[in-house]
Amino acid sequence: MSDVNENKLSQTQIEELAEHLENAELQAYEVTKITDDYPDMTYKDAFDIQWEIRRRKEARGNKIVGMKMGLTSWAKMSQMGVEHPCYGFLADYFTVPDGGEIKHDELIHPKIEAELAFVTKAPLKGPGIHIGDVLRATDFVMPAVEVIDSRYKDFKFDLKSVIADNSSSTRFITGGRMADVADLDLKTLGVVMEINGEVVEVGAGAAVLGHPASSVAMLANMLGERGEELPAGSFVMIGAITAAVQVNKGDSFCVRYQDLGTISGKFV
Amino acid sequence: MNKEQILLCGDELYEAMTQRHTLRPFTERFTDITIEDAYAISLRMIERRVAAGEKIIGKKIGLTSKAVQNMLKVGQPDFGFLTDAMAYSEGQEMPISEKLMQPKAEGEIAFILKKDLLGPGITNADVLAATDCVLPCFEVVDSRIENWNIKIQDTVADNASCGLFILGDKAVDPRKVDLSTCGMVVEKNGSIISTGAGAAALGSPVNCVTWLANTLGHFGIPLKAGEVILSGSLVPLEPVQAGDFMSVSIGGIGSASVRFV
Numbered sequence: 001m002s003d004v005n006e007n008k009l010s011q012t013q014i015e016e017l018a019e020h021l022e023n024a025e026l027q028a029y030e031v032t033k034i035t036d037d038y039p040d041m042t043y044k045d046a047f048d049i050q051w052e053i054r055r056r057k058e059a060r061g062n063k064i065v066g067m068k069m070g071l072t073s074w075a076k077m078s079q080m081g082v083e084h085p086c087y088g089f090l091a092d093y094f095t096v097p098d099g100g101e102i103k104h105d106e107l108i109h110p111k112i113e114a115e116l117a118f119v120t121k122a123p124l125k126g127p128g129i130h131i132g133d134v135l136r137a138t139d140f141v142m143p144a145v146e147v148i149d150s151r152y153k154d155f156k157f158d159l160k161s162v163i164a165d166n167s168s169s170t171r172f173i174t175g176g177r178m179a180d181v182a183d184l185d186l187k188t189l190g191v192v193m194e195i196n197g198e199v200v201e202v203g204a205g206a207a208v209l210g211h212p213a214s215s216v217a218m219l220a221n222m223l224g225e226r227g228e229e230l231p232a233g234s235f236v237m238i239g240a241i242t243a244a245v246q247v248n249k250g251d252s253f254c255v256r257y258q259d260l261g262t263i264s265g266k267f268v
Numbered sequence: 001m002n003k004e005q006i007l008l009c010g011d012e013l014y015e016a017m018t019q020r021h022t023l024r025p026f027t028e029r030f031t032d033i034t035i036e037d038a039y040a041i042s043l044r045m046i047e048r049r050v051a052a053g054e055k056i057i058g059k060k061i062g063l064t065s066k067a068v069q070n071m072l073k074v075g076q077p078d079f080g081f082l083t084d085a086m087a088y089s090e091g092q093e094m095p096i097s098e099k100l101m102q103p104k105a106e107g108e109i110a111f112i113l114k115k116d117l118l119g120p121g122i123t124n125a126d127v128l129a130a131t132d133c134v135l136p137c138f139e140v141v142d143s144r145i146e147n148w149n150i151k152i153q154d155t156v157a158d159n160a161s162c163g164l165f166i167l168g169d170k171a172v173d174p175r176k177v178d179l180s181t182c183g184m185v186v187e188k189n190g191s192i193i194s195t196g197a198g199a200a201a202l203g204s205p206v207n208c209v210t211w212l213a214n215t216l217g218h219f220g221i222p223l224k225a226g227e228v229i230l231s232g233s234l235v236p237l238e239p240v241q242a243g244d245f246m247s248v249s250i251g252g253i254g255s256a257s258v259r260f261v
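Line order of the protein sequences matches chains E and A.
Quick note on numbering: the first sequence equals residues 1 to 268 in UniProt numbering.
Quick note on numbering: the second sequence equals residues 1 to 261 in UniProt numbering.
Calculated from the structure, these hints are not laboratory results.
Heads up, a few of these hints could be off.
In silico lysine to any residue, SDA-like type, Cα no more than 20 angstroms apart, as pairs [to be verified]:
{"hint": "1", "chain 1": "A", "residue 1": "66", "chain 2": "E", "residue 2": "246"}
{"hint": "2", "chain 1": "E", "residue 1": "63", "chain 2": "E", "residue 2": "96"}
{"hint": "3", "chain 1": "A", "residue 1": "188", "chain 2": "E", "residue 2": "74"}
Partner residues are not named here, just some residues of chain E that face chain A (Cβ under 7 angstroms, in silico) [as the list claims (entries may be wrong)]:
{"hint": "4", "residue": "189"}
{"hint": "5", "residue": "190"}
{"hint": "6", "residue": "203"}
None of these values were measured; they are calculated from a predicted model.
Ideal placement from N, C-alpha and C gives every residue a C-beta, glycine not left out.
Pulled out of the complex, with its shape left as it was, chain A reads as follows (with noise of 0.2 angstroms):
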């Protein structure tokens, strides 16, 4: 793809999310886009998003379990950038009937970094030396691409189909909790819809922030002390409409709960 198409992807993505509304897929429109393009389409994406006005706070990490890499025939995860206009705290209303088109819920682990991690070459141990805390978290993506038919390029495209997220007010010190064997209840309107594990991701959540490190450090860019970082989804995807009650339970860490409107 040329500069220009790249650019127009871009703010096509913008105004989707801005005047909700959902576009063809890339992936049928420009058949050869790449990986690189669609990363490209993001960076662009979320530069509309800063010009006006939101700060980018952090990254998330996407695809990190087997079957939805087996699902979009990939082998590796991919990431998309947090702003500030994404995050909301616990026990505060989620809005996603306002700011959200087709909302699904996924329980995770985020890390809060107090290190500067640039990688390449970054290890787990550099990861967990990294980490102030971790703390549980609902990531309720969304997809600017019509009925999610998304191919890999797609998803990248789309800032890593991310949406709104929440925060639990419970942080725990990395090395108090086995981040691999932790495990996750997810409740929705007083049922008890899936349990996980942190092996879930990739075998391990720090395994899935040390992969985004040396990711960016390809790029030169570096996750930064402060930054918030999503490590991927522990049970499978939820779909969440105004009214939903959702809680998530991390074994050793605590919970979040968040009630949609």
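Next comes chain E alone, as it looks inside the complex (with noise of 0.2 angstroms):
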């Protein structure tokens, strides 16, 4: 990525499309890809665009409790037309407990996607961390189930827009069995995802960037970029192993792990 060092928009214009992205995620409609109105707008003014909507919800007494990276499969780059991973933070209100149920109609238009979260127990500051730093930093992984909410139309953006949009955040269920990493071979640990009961979507852990640990190798290096770190104890999800399925009020989800168990949840 270009341009992360240097912004074209001004802290005003930062701020405003925050509240403008954020107005769409709390209320539940769609808006225009926002590089349509600003196209000379870098990546460093879309992260600065996310890290102010984290800065909101921070202020307004909401936790950070995560950080996803989107994007990280081929499956979903060919999907949405991109060719960069991306990342963005969870909070406290995206969780729901597995088994559990999500409303439909507090979202636009989600989308689930099979993943991993990775726990550590020690800091990754990047730049330079490798699959090998995330593996021995890594406290257990667990299965999670990320789902998706683009807040632009039709579900259609660019990377710097989706970045700035909090690469779709919206809600996860995590549960399942959790494992040592040097339990678990992660680049062919298979994931089967069926939505009402039908087999929906297959895939292994490789579809990640080759392997699970890369993806949160390449957060903690992108972080680096702006000096922040991934601290002991972060909770990350990796992106999704299988394109992502669109669900609809009324269906229901089982995604089975191997060796990690399931997870499952109800659209409501």
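Make one complex out of these two single chains by using the hints.
Written as structure tokens, this is what we have:
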């Protein structure tokens, strides 16, 4: 990514765009992608908008409970027409219990993705973080399902617009079985996504940047570009192993993970 | 189709395979061809191979993915016969440029049986109890029909588009692996090209073998102890050519690799 250190938007414009996108999230309505109106905005601007949304939530008393990577699989990058992964944050009210209900009306056009989550026990600070560093710093991994919901019309965006929109983050469910990374073959770990009892997507860990841990390494390195780190105890979702699947009100889902159990939920 | 036409088509397929030329789809030449006719043709083709000295060592199940079934507008898989002439071992070069015409590789799980299975009435529990081990496998399918322009009857007649296959060296007890969730990663010339999981084949590779045992049971044909059963692809088919190198890794089972020449 070029222009990560340069702003083309003013601080006022960044704050206005953050409010604009956060309102769309909180009130569940679509907006046009922001690069239509600000074609010159930079990656730095895009991340600054995301971090401003995060600041707004924290100022309101919300807690940040984890991070997520997005667009980390070839399936997802080709589905969305972008060429680089991105990250977002997870706020406390994004969490849904395993087997729980997700209110479809609170969202715009949600899709679900089968993912894995890493929970760390040591800080990771880029640049230069590699898979080995991530595995050493990992306390355990566990299954996770992410609900994504782009605030952009028809789920169509470019990379800068999606970064500003907190990488489409909206809800997540974690559960199943925790496991030590030494006991798993993360590259070949299989996932099977079922909606209403029908298998809709299958995949294996290698779909995420060749190895799930490389997604966490990339996150640490991207955060390092802003002087930020992933502290010990971080919960990090690695991005979708399968393509994202659209869900409707009334749909129930179950994702089965090799050696890690299942996660299920329902859209009401 | 009458008996003579069936024999003729089986012979044409055998000659197309040995002389390496493709045929017009049977479904264009015989518009009323049934799936039963097609299986009868495949039996003639395999009879010719056995007469030429090949030995039947197992069976393969095809059309196990929903995507392929939808493409061919069918609601069920199909099957073909495996012979010793199709089998290659881990590390061996596979001479596709000499033996095949339009090869495509698919990653699968192979079952080796230790007991006979004779349907009907076979359940998944029977299949697991009769399975000695499972192995990683590349099947390289090929079509004797021009441009892979196949309908269900064409591929059934053509021995389920069977080509060659290679088994990995790692044999695993089926009770040690969840065959429905086990993941698959396929690499070609150093790049990961696809991933999948066991459930891609009819929900589970075990379901596929159970289907085959029950389907063959209607004809009184058992799956036999010692046979190799290829349970169906878990990833999309990949066209291959001489010079390509591929590997498949299956979570909890192992890997197989093949160099095409």
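Right, here's what the structure says about each hint:
{"no.": "1", "hint": "66(A) - 246(E)", "result": "holds, 18 angstroms"}
{"no.": "2", "hint": "63(E) - 96(E)", "result": "holds, 15 angstroms"}
{"no.": "3", "hint": "188(A) - 74(E)", "result": "holds, 15 angstroms"}
{"no.": "4", "hint": "189", "result": "holds, 5 angstroms"}
{"no.": "5", "hint": "190", "result": "holds, 3 angstroms"}
{"no.": "6", "hint": "203", "result": "holds, 5 angstroms"}
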